[in-house]
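Construct the entire structure; sequences and hints are all you get.
Using the working numbering, read the sequence shown as starting at 1 and increasing by one per residue.
Because the hints were derived from the structure by calculation, they are not lab data. Every residue, glycine too, gets a C-beta built ideally from N, C-alpha and C.
Now the in silico label distances, taken between C-beta atoms and shown as ranges: (1) E128 - E148: 28 to 36 Å; (2) K160 - E121: 38 to 46 Å; (3) I57 - W35: 26 to 34 Å; (4) K160 - Y113: 49 to 57 Å; (5) Q36 - A9: 35 to 43 Å; (6) A144 - D166: 29 to 37 Å; (7) E121 - T141: 25 to 33 Å.
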Amino acid sequence: WYQRRVREAVVSTQSTGSLINEEVEKQWQKRVNQWQMEREARRRMTEEMVEIRRKQIAEKLEMQQKEQDGLLRERDELKAAYSEHERLEAEKVKRTKERNLGYQDDLRSQMAYGEAIKKREVEEKTRELQMQNFAEDAYQTKLATALERPVVDRAHPLRKYQNTQDRLFG
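Structure, rendered in structure tokens:
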């Protein structure tokens, strides 16, 4: 009986040991499956986060590219506007210079004309003065000659007429 009991106990222990081993094996299998599922879930979550982050970075890069393109376009527009402004200012300065040179030429022409008129007037007055001086010199010469000779060779035509009248009527 004892042997039987021992055999039963051994069988029971073996069967319990195998049951325990089976149970432990099941538990380990369960844990391994749980760990694999958690690892798979973490991997999927990491991939999703990486994908989400990749999309965010792509969107941010796209926005930055659009902003940079806008800034470049704005810079080009400002350059064009500045160039146009500079061109217009240069044209304005050129027109002003040309207008001022035209006024300057007009004023010089007017001054030259005025000086020419004054010069002609001075020349004319000088000629008149020379002629007057010449006439005065001629008169003074005749006067001096007449005063040097008190006898008149020739009588004035009116005197001659009067003398002839006196002789006729007289």
